[in-house]
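Visitor: Residues per chain, in single letters:
Protein chains: 2
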Amino acid sequence: MRSSNYLLATLKETPSDAEIVSHQLMMRAGMVRKVASGLYTWTPTGLRVLRNVERIVREEMEAAGAIETLMPMVQPADLWQESGRWQDYGPELLRLQDRNQRDFVLGPTHEEVISELVRKEVSSYKQLPLNLFQIQTKFRDEIRPRFGVMRSREFIMKDAYSFHIDEASLEQTYQVMFKAYQTIFSRLGLDFRPVIADTGSIGGNLSHEFHVLAESGEDAIAFSDSSDYAANVELAEAIPSKDKADPATATMEEVETPNAKTIQALVEQFGLAIEKTAKTLIVHGVNENGDASGLIALMVRGDHELNDIKASKLPQVASPLTFANDDEIRAAVGAGPGSLGPVGLPLPMVVDREVAVMSDFAAGSNKDGYHYLNINWGRDVELPAVADLRNVKAGDPSPCGKGTLDIKRGIEVGHIFQLGTKYSDMMKVGVLTESGKHQNLLMGCYGIGVSRIVAAAIEQNNDANGIIWPEAMAPFEVCILPMNMHKSARVQEVAERLYEECKGAGLNVLFDDRKERPGVMFADIELIGIPHVIVVGERNLDEGMIELKNRRSGDKEKVAIADVVQQLTATNNR
Amino acid sequence: MRSSNYLLATLKETPSDAEIVSHQLMMRAGMVRKVASGLYTWTPTGLRVLRNVERIVREEMEAAGAIETLMPMVQPADLWQESGRWQDYGPELLRLQDRNQRDFVLGPTHEEVISELVRKEVSSYKQLPLNLFQIQTKFRDEIRPRFGVMRSREFIMKDAYSFHIDEASLEQTYQVMFKAYQTIFSRLGLDFRPVIADTGSIGGNLSHEFHVLAESGEDAIAFSDSSDYAANVELAEAIPSKDKADPATATMEEVETPNAKTIQALVEQFGLAIEKTAKTLIVHGVNENGDASGLIALMVRGDHELNDIKASKLPQVASPLTFANDDEIRAAVGAGPGSLGPVGLPLPMVVDREVAVMSDFAAGSNKDGYHYLNINWGRDVELPAVADLRNVKAGDPSPCGKGTLDIKRGIEVGHIFQLGTKYSDMMKVGVLTESGKHQNLLMGCYGIGVSRIVAAAIEQNNDANGIIWPEAMAPFEVCILPMNMHKSARVQEVAERLYEECKGAGLNVLFDDRKERPGVMFADIELIGIPHVIVVGERNLDEGMIELKNRRSGDKEKVAIADVVQQLTATNNR
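The listed protein sequences correspond, in order, to chains A and B. Numbering-wise (our numbering), the first sequence opens with residue 1 and increments by one. Numbering-wise (our numbering), the second sequence opens with residue 575 and increments by one.
Derived by calculation from the structure, the hints in this document are not laboratory data. All values derive from a computational prediction rather than experimental measurement. Mixed in with the good hints, there may be bad ones.
The list that follows gives simulated cross-link-like pairs (lysine to aspartate or glutamate, EDC-like), each with its CA atoms no further than 16 Å apart [as the list claims (entries may be wrong)]:
hint, chain 1, residue 1, chain 2, residue 2
1, A, K12, B, E1090
2, A, K503, B, D1137
3, A, K34, A, E54
4, A, K126, B, E1090
5, B, K608, A, E121
6, B, K1077, A, E62
7, A, K503, B, D865
8, A, K242, A, E275
9, B, K816, B, D865
10, B, K586, A, E121
11, A, K393, A, E516
12, A, K558, A, E543
13, A, K34, B, D652
14, A, K120, B, E587
15, B, K1077, B, E1117
16, B, K694, A, E543
17, A, K34, B, E792
18, B, K1077, A, E59
19, B, K700, A, E516
20, A, K402, A, E516
21, B, K887, B, E902
22, A, K408, A, D225
23, B, K608, A, D88
24, A, K367, A, E253
Required output: the full structure, derived from the provided sequences and hints.
Guide: Below, the structure written as structure tokens:
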């Protein structure tokens, strides 16, 4: 491709509404343009990257035995009424009517449509397992579209749905998909982690997310420094630091703390280690029927954070988690939230595992302006119910038993689920088994955010000059950059010759034949992030050489004109 | 691909709602499944064909210098308000609102979005010409979706838009696109014709349609037997059979015709040649301000058809063409529609060119139950205004001056337009010219109905057993069909070996490894239309041979096992 016949569309200025680096660079490098909130046109450079991602995803899905289909974006409401999602799905589901006032949705996912297909086309266990995928345009009416294609409304997703006669078959395909996802993200050249995930509202049993690691990630991920273990912090199990509490060494003592409304203030007043303090949080509870039933106290160590998801999963706690307000706390306890503690608390209580092994610790005395020091379980107050209630933190022992946890931020680019029979029960997707009985199928579903990968890759691969593409994703593998070509017939001749050679060798090459100053051309090409740049200049031509510049390392080397294409194809790992 | 790991989804019965052969065969061959009216899932076999069409379209568009982009399906209403199409486009434009009650459309085409892109990204004549394309999902809320993917609501289109500083540049790109379209349809293996077309409501100057010739086509196409001339019958110019009327040979005579309400009855009563009769049709007229202004008579030869489009383009005729009813005719003329003619008609009249050169002809006398025989212009009545008013018919002289016209039916699969400045004037898409002035751009637009091509190809290529794919479009190029493989280890071994060989040679191969009777397998493979079938059977194996069957010719030949893959790759013209 010649720049003069192409739409580079690079920008010098960063658009003011681009908050994160991938959005800024995708705008500046001419990859996308905003059409409306959450709606983007993929301009030529961006689309070339998107197609590379699609190609690798498609190849690996096919290699893993999945079969490609293409389902419509506009879906009839009756299928969604059948699955129950017409009612359950919030306003992110865009509902619309056709010219005959019939109801439709713009598909955010395709469980209903694929279930309808499979229940009609598959009648025997002999046709199973079956794994169908598509790479297709989805729509979710996000309340706050942002970060460019990272969280847009119209986007491209690879979604796959597998169907099985039994758990063993589902488990097997799930493992095949797990491996295929590892291969896909490895081939794309991304630093990623598969992470144990919450199954959330989509239901089902087992689920993994695949995260691209990047500072700007919305999710915190905990992973072991000594094993494959990784989990969303929301889900990672917190292991207590010891088996049981140390013996008490001091007598419990009530102290006046008129200014200690926070753990930090308490620590400062008495010179305590924060690990010797505990905080008490009051939330709304439920009885065994799930009805509201007064307040519950939850307790974590002073330096720990309550994990909302873990807390809301407790049977005695209302879900979603709802904190009591000051008035409710004062009415129930007779003290404000800054003076709460386990001794004499007139509420049921659940303490975190780590709290259960504390000794000689400080907490409020349920009297405004007072705390107890040197509380010990058993001696001063009975140990209440114990549960895993806190977020893990860096340095915690890994729940897999090997090593300690590190925490990094990640961008979710893939998600695989074992759905079980959630949809097939609702929509009656079944077959005749070997013994002639009707049985509803088990389903798995497997998503990859194809367009989001492009942004995630940039978050992970950039510097002050622009994008640094992993080779497999790059819009062009090579750029030929002639210096002042319009003043030198020799530069032009060599540049044109190398351009033809690159094309002949099957390389995706951009020939920057614009009449621009070298500085402008270098800036654009580095911004776009092309991995290899062949700089053709008068000075090196005297020696029969060009300069080959590597975008990632910044290394420059002189290479003989005759060798350069050979050298590039030899190292090309597209 | 092994059948056992695939979703063949063939049907024995033709679905009752499939009216045309392509729809029937696409259902039976397991290519598409209906999700709702005009909405289809492309099942694996259909999608493989669709992807082949996409690939060829993409390759040739790129070879022709067009650059790929991807625009959103959901488009903001404000762009459509700017172009005027928000008001002008009928209910085929699906309008919808997002969660914030903002108006959007599902894009039926993308003139507005591309114009918005180009006016922001292109500022100088130096960036022109520019030709941007996409292969993308469109939506048109058809009042009567039918014929499967031939006229569906959600469909895949290749749309390209070019931008130019002057007419010469537009003309040049138009010619490049014209040639690219010829290459695309040739590579797809289709019998097609480029046809001069009406620019219709999309506006602009010059336009060609590309039609796949097939009996079931919705459009009639006239083309010369001696030149490249081809035009939609709606537009083909009708040339009169002679320069001027022959001299009169008989006296005009009024005859009683109480039962001759039609031309056919008149011909039979008097034993006339139908070419010696003329019929008079009464329509509503307009004055020079375009306001309604009474009735107008139009006259064509008895065996000719009035061409509505030509008639409605007359300045004195209301557009769209509206016929007067019996009461209106009787009020204006004093006779019913079965007895009208030029002599004594109290209405303005326009006659077809062919009528103007008739002599001694018969027509009504504007008195119920009477006609005149032997009317001659000049002698019996003044010749009124003359215009091209009729449809051409087979055997007419070609308007190009060479040969005579033949008429065939066609399916429109491509359409190219010179739009001129229609959109760029409305949306202010301009650049600075070389002399520093602002100038709005000329536009071309170029569409291909990618999903419709699949159906059109089947309309043109089928027999009683099913589809006969052109090789370039076939879902698989080769099928390996082992006879009773599960009873013969030797058959299985050779079939497996050939399967691996085919894959190694880069052939798209289906290995039909189902435990089905050979008859069932043959029927499915012929229905799906795979061009080459390798039949592996015990009998031929004794001689070291397999049977190679050609789907199109039906020819069978014995080929040595060692030679078959070599032979297939040698003739493969994918």
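Visitor: Is it true that the CA of K34/A sits at most 16 Å from the CA of D652/B?
Guide: holds (14 Å)
Visitor: Going straight from one Cα to the other, do K12/A and E1090/B come out at no more than 16 Å?
Guide: Cα-Cα ~65 Å, so violated.
Visitor: Please work out if K367/A and E253/A have their alpha carbons no farther apart than 16 Å.
Guide: holds (14 Å)
Visitor: Take the C-alpha atoms of K694/B and E543/A, compute the straight-line distance between them, and say whether it is at most 16 Å.
Guide: violated (44 Å)
Visitor: Straight-line Cα separation of K503/A and D1137/B no greater than 16 Å?
Guide: violated (34 Å)
Visitor: Verify the proposed pairing of K887/B with E902/B, using a straight-line Cα cut of 16 Å.
Guide: Outside the cut-off at roughly 22 Å; violated.
Visitor: Regarding the pair K408/A and D225/A, is the alpha-carbon distance no greater than 16 Å?
Guide: Given pair K408/A, D225/A holds - Cα atoms ~12 Å apart, limit 16 Å.
Visitor: Given the hinted pair K34/A and E792/B, is their alpha-carbon gap at most 16 Å?
Guide: violated (39 Å)
Visitor: Does the structure keep K120/A and E587/B at a Cα separation of 16 Å or less?
Guide: holds (14 Å)
Visitor: Taking only the CA atoms, is the gap from K586/B to E121/A under or equal to 16 Å?
Guide: holds (13 Å)
Visitor: Given the proposed pairing of K242/A with E275/A, does the C-alpha separation stay at or below 16 Å?
Guide: Holds, because 13 Å separates the two Cα atoms, which is no more than 16 Å.
Visitor: Are the Cα atoms of K34/A and E54/A separated by 16 Å or less?
Guide: Cα-Cα ~21 Å, so violated.
Checked against the numbered hints listed earlier, the structure breaks hints 1, 2, 3, 7, 9, 11, 15, 16, 17, 20, 21 and 23; every other hint is satisfied.
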